[in-house]
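Using the sequences provided together with the hints, build the complete structure.
Residue numbers (the working numbering), protein chains in the order written: chain A, 1 to 563; chain B, 1 to 333; chain C, 1 to 509.
Warning: the hint list may mix true and false statements.
[As the list claims (entries may be wrong)] Straight-line distance between alpha carbons at most 20 Å, and here's what the computed PhoX-like set of lysine-lysine pairs gives:
1. A:Lys-415 x B:Lys-21
2. A:Lys-412 x B:Lys-21
3. A:Lys-415 x B:Lys-20
4. C:Lys-74 x C:Lys-428
5. B:Lys-20 x A:Lys-378
6. A:Lys-176 x A:Lys-247
7. C:Lys-217 x C:Lys-295
8. C:Lys-74 x C:Lys-506
9. C:Lys-31 x A:Lys-477
10. B:Lys-20 x A:Lys-412
11. C:Lys-132 x A:Lys-51
12. C:Lys-184 x C:Lys-212
13. C:Lys-379 x C:Lys-296
14. A:Lys-424 x A:Lys-434
15. A:Lys-226 x A:Lys-236
16. B:Lys-21 x A:Lys-378
17. C:Lys-158 x A:Lys-51
Since the hints were derived computationally from the structure, they do not count as laboratory data. Note that the coordinates shown come from a computational prediction; the quantities given were computed from them, not determined experimentally.
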Amino acid sequence: MKSLLTILSFSLAAFTLAQNGKKVQFVGGARAVMSNMDFQTGEEDTVTPRKSAGGYALIDLGFRINPNEQTEILGMIRVKNDLGGFWGSNVAFDVRQLYVRGVAGKIVRYQLGNIDYKMTPYTFYNHNPDMLLGGVGTLQIKEDILNYESFYSKNNTWRQQGAAVDFGLAFPKIVKDVKFNGFITRLNPSNLSNIFERFYGGGNLVVKQSKYLTFGLNHASIFDLKETAASENPYKNAVSTATYEGKLDKDKYTVGLAGEAGTSAAGYSQDSSQLTDFFSNTKVYLKLKELNLKLSIGYMDNGADFRSAGAQSKRINYNQLNSFYSRYTNSQIDRQISIYDLYNDPTLYSSSITEGIMDYNPAINNALPYGTASFNRKGIFGEVQYQDTSEKLTLEVKYYQLSEIRGQGTTKLRKYNFLQTTAKVDLMKFLKIKRHLDFEAGFSYQRTTRPSEIEFENVSLKSAAVSLGVQYELISKLFLLANVYHFESSGNDLTPIRNTNDEIISFAPYNANNYENYFATGLKFNFTEDMYLSAFYESNLNNGNGMTPYTINQFMIVYNLKF
Amino acid sequence: MKKYITLVLLGMIMLSSCHKKDNSIDGPNLNDVYGEFGVINTLGQNLDSVDFAVGQTAYFTAQMSKIIDWKITITGQTSGAVKEITGTGSSLTQATTTWLGETTYFPVFGAEICDVQLTFEGEDDTLTSTIKIIQSKLNPGFLISDFESGFNNQWTSYIQSGADMDFQIKTDASSPQGNSYYNMAGTVDWDYLIGYLYFGASAYGSPQMPITGNGDNTYFNIMIYGEPGSVNTILLFQFQEDDDLSGGFANSSEDTYSLEIPVNWEGWKLYSVKYSDIPCLVNGQPSTPNGNGQHNPDRLNQVNMLHLANPVTGFAKTKVDYIIFTQNEPLKP
Amino acid sequence: MFLWTPLSGSTADYAKGLNLGVNLNGSHSTKFGNFSVRMGGIHWYTLSPMTFATNTGYNRFSLFERNPWDPNTKDVLDRYSKFYNDGALSQDERWGQQAFQGFIFEGMKLPKDFSFSYMYGKSQFNGGALPKPNNMMAGKIRKDFNFGFLSFNGISSKTYDDSLTRETIGYELYTYEFAIKLKKIHFLAENGIGRYTSPDYKGKWGQALDLKFQFQKELTFFPIELRFYHISPRVINNNGVFWNTSISEFQVNSANVSPPGSQIPIIPFASSLVPIGQMTNNRQGIILNTDLNIKKQKLTIGYSAAQEINGLSDKITYGHQANNLALSRMWRWAFPSGVGPYQNLSKIYRGVYETVQITDSISAKGFNAIELSFKGKMKIFNRELLYFYLGGFHSVQRDFSAVPKYSKAAYLQSYNHQFEFYYKLFPKIVLANYLGYDRIIANQNTILDVDSGLAKDQTGLSYAIGLDIQLSKNTGLYLRHRWMTYEDVNFSLDKYNGQETSVELKIYF
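Take a look at the structure:
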């Protein structure tokens, strides 16, 4: 007799490399970086050093241990030696990652320790709303470094400390299978005084009813453990959503409807102003298989009080100083975080889930500062994705036309237009030449408006960025790199000033008259697929919002390998 | 089957409901922030005369037409003491302006009439008033000395035989509290030590100083003067504990905690530190205490105050006043 | 990586570190040659003696005190018998090389026997992890021949005098080096030009020359090396085999920009009394070295006569051989300068030097030295006994002298005798003994004691005994105990005596 349900079985190989019969493997990476930087200001500056230099060499040495076929342990230590630290000085030892994972009874997969996790774009998701310009070449090298340093992955996971489990059930009738996922992570420990033990946990179940329909229920919640602090006011942010996708898959095309909708509640238990709200995001798509073209159009409606820390935490908190050349000019004014800094300085980034609203830069992304999960936004969006069959050309275009739901300081609402495009061209295939020649271009444009006859209510802010990157194989394994980008922003807005409870208490005028130009060229030698040496020169001109321009020129040598 | 799919899809779409137009606003009205400034209710206060010593407090009120950064400056007509209260908002209330009699800039307030001035960032409007202090604020805690009663003969002092040595209690208008302070100055070009003053618990009539708190809720506070143009003074405080309650201190078996304060500022400044944050130092480096390893302010047998300076830097000078241990919070003079 | 505890009695008092940093290497072979790149560091590297190397000397040193880099030997007596046989010890890869952090690009086996290397980064004299740029760049191009080689070498170092990075300090040195090795005579030379620049010192180019004629025993019956060197005071490079004794500004700035992280031992600035083979700038001289082997007795003799090119310094620095290492350990883990009862001692790595002031007018001083090393062996009770003697006889006087001046005509006379023997008590135990004696005598034209009115007259004496015990194949236990005494009869505060015991357990795996 056929059983009513089947437990889906897993093997460790589902998420790890083959063991090659070895119980212990060494994994990790190493990197050495040297930098010489030159800093020039447009006005007389007798205070700021013009030149700086630095570098480091580090090794991440991981021990991957498979005590049995169902278990894997990974411990990785980092040893970092700053350039100039001789005889043991300026050496740091850290544990970079540590986890145990495995399959219990061939049914439940688990992972303890460091976990890279995500759920849905509105519950737990590492959006990347500030890195609008991709590109091969030097920008790619720098982006790879900062992604590695902060454990950012291409599939938008957050690196957390905790535990995760998942398992699945298969059914003979009505639904095909159900998958369960759960996680719990610790955001901060108690100080046994006024700070609670804070956790972030949740899970989802995804039901595949048939090849036509999949739906899921998701929940993620930040919560304080009561009685772990001498306080009666714990914090909670709970987000519950439903995801769904229905599609019709034909030989020549696929058409479908997909989306997510849900609610959130956030606040301290004793506060009267608990924020609750809901959101919905729906799109229909059409995929033309022969053309490899996907078109989608949708509507999103994220409530003004929708709060989801796991989806709205930003990689960068803009309320911080740059870690190099943080001040300049004789007045030692703050040097604001620029596009260049986003690529150049991995120390700006964080992998923390932050329960509060993080500061953002309106010039870089005002339309969706917290990615798709940005609160107080509604409107339509569309997307075109195209890749020809021989992968000569990849094209992606996104467009959002949004508005606020609730006005800030006024009942008038801001309106947002946001266009983002990326094109990648493999010219080796196009031109049928022997050497690799890759070209990537990106363009991003945003406009924020709030027309009003009252001057201080009027908002008009535009920003645009264009980026070009080329990578050409001069001789075998040796590549010439070249990158340029231009970013500019002009207009005005009012940025909210929030108190510690994230309530807006005032507004700060934000006036943009800013542009940045970047140029870089260099060489890269690929010893192997996982090992390269690159030396490049780059120059970044920033007009300092029209007031205090500066130029950063940098020569870098990067030696990177993974094993 | 198609029926099921259609039903589920419709259900999902229904879930995707929309927000209706929201007529509320986030944050203050822009007009409150960027509208024209005006004073609606002028500067008021709850008391014309206040006795801080009996626990009275004063507060001020006003109402403006918009949210603005405001500052209340209270200046003692006799002492010149200054208290500043700042805030942002469209009104001044008891919650934002309560004054307990404390001081922002030394000296501290005495019994005197004070001028009160309310100013606004970016605006010329200034509102004024006066308030009379009947008795100034009392500071609970164990006072080692405010130097108002002269030199206690049970203190121990040593002064190197250097040049321009001037270690004595002085009485003049520059005192931040009361009328007197302790002056320490001199040139010693062969040693870091210029002079010291030791406060033994016996000077206060007991083998341990009468402090009731523990290390985590006891604060050591002192007013220190940085001599303009001279940043070479180092004040070293050693806190010697009678861990075994024998009535004395043995360096080999009892705790000494040391606080090194480079006096690198100019003018008077209140220096406060939680007692449990004071490290054990040996030759300036963190070390393990020789006693029970716990910060026990209630077992303090002696507090040593040493005036040090690098011998190559020449003349060093500083002044100190109002050395006091407080409970639960740093001194708010 | 090292884990270390100073045995302070605290279970929490330990240190972990990475003494030699993180090294990354990569190589790529092509039909044009082999190319390799190194990054990070510490990399041990050498270019040419003048540009980037450390002095290896003439193997006249005491073996009694063990060095951190001394290995365990297969036989417990090997360390001493190898020194007896070869005149040199087994040294690890660091011997003669300089420490470097940064980027090294090398090309080897290039067409026509060419090779090159390029370095950009920091030597320990550019150390410190401050953001203020402080880097060196160096390189060489070399062509090998059947009979030797020719290479062109260069080094340039630059840092900044001010925190705003406006004013540069730096030096550069460019040399060519060649070796012609014929059957009976070898000819080695390095010659170049260098200079030092700073905001206050616009240096002119100066010459650095080191010539060696090595006459093989086929020609002269016993090997003789005749060496001439001339290093202008304008030439600065602490990464080479010679010390800077001419430009104190460089010394000051080099020290200022170094910490934290560099731990540069202070190199003596002043007219240094140095062992034969150690060159300094602002000096020229000749060196003669020879090895005489008579049956089982081996004698090496060194002679040098040198003179400063310009009279620049009114100070002389010198060391105390008998108690040198033990004295240096009084300031463990630090390199203080101006210490001691008369503030005239400075600690360097594994040594201490003293500075004496000259009180008459500054001249281009003359330096002379004779150094002897005698090695012999015999058997007592059928067990091997190796005995070594080292003698140094130095003088520093006002002018050049062809022979040493062992009289009060010299500013400073320095004599030292070190006698040591190693007896294989048992197959795995060696008994080690050391007797050291040094005398320093200054004349009336040096600083005099305020009380006695007399010049330095110093005597150091040291006796030490020890055991080398081979516990197992890769494990050695080394015990040393020293009794020492020292006194300057004319400077009453300058005296000490004491004992020192050390226990070293060394395990290789």
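Hint check:
1. With a C-alpha separation of about 14 Å, the suggested pair Lys-415 (chain A) and Lys-21 (chain B) falls inside the 20 Å cut-off, and the hint holds.
2. Distance check on the hinted pair: Lys-412 (chain A) and Lys-21 (chain B) sit about 11 Å apart at the alpha-carbon level, within 20 Å; holds.
3. With a C-alpha separation of about 16 Å, the suggested pairing of Lys-415 (chain A) with Lys-20 (chain B) holds against the 20 Å cut-off.
4. Between Lys-74 (chain C) and Lys-428 (chain C), the direct Cα distance comes to roughly 10 Å. Compliance with the 20 Å bound is thereby established for this hinted pair.
5. Of the supplied pair hints, the one linking Lys-20 (chain B) and Lys-378 (chain A) holds, its CA atoms being roughly 11 Å apart against a limit of 20 Å.
6. For the proposed pair Lys-176 (chain A) and Lys-247 (chain A), the alpha carbon gap of about 15 Å is at most 20 Å, so the pair holds.
7. A threshold of 20 Å between alpha carbons decides the hint, and for Lys-217 (chain C) with Lys-295 (chain C) the separation of about 16 Å falls inside it, so the pair holds.
8. Note on Lys-74 (chain C) and Lys-506 (chain C): the hinted pairing holds, with a Cα-Cα distance of about 13 Å set against a maximum of 20 Å.
9. Among the hinted pairs, Lys-31 (chain C) with Lys-477 (chain A) is consistent with the structure: their alpha-carbon atoms are about 15 Å apart, no more than 20 Å.
10. Note on Lys-20 (chain B) and Lys-412 (chain A): the hinted pairing holds, with a Cα-Cα distance of about 14 Å set against a maximum of 20 Å.
11. Our distance criterion of 20 Å between C-alpha atoms is met by Lys-132 (chain C) and Lys-51 (chain A), whose separation comes to about 7 Å.
12. Of the pairs offered as hints, the one joining Lys-184 (chain C) and Lys-212 (chain C) holds, with about 14 Å between alpha carbons and a cut-off of 20 Å not exceeded.
13. Pair hint Lys-379 (chain C) plus Lys-296 (chain C) holds up; C-alpha atoms about 12 Å apart against a cutoff of 20 Å.
14. Distance check on the hinted pair: Lys-424 (chain A) and Lys-434 (chain A) sit about 18 Å apart at the alpha-carbon level, within 20 Å; holds.
15. Pair hint Lys-226 (chain A) plus Lys-236 (chain A) holds up; C-alpha atoms about 11 Å apart against a cutoff of 20 Å.
16. Only pairs whose Cα atoms come within 20 Å are accepted, and Lys-21 (chain B) paired with Lys-378 (chain A) is accepted, the gap being roughly 11 Å.
17. Pair hint Lys-158 (chain C) plus Lys-51 (chain A) holds up; C-alpha atoms about 12 Å apart against a cutoff of 20 Å.
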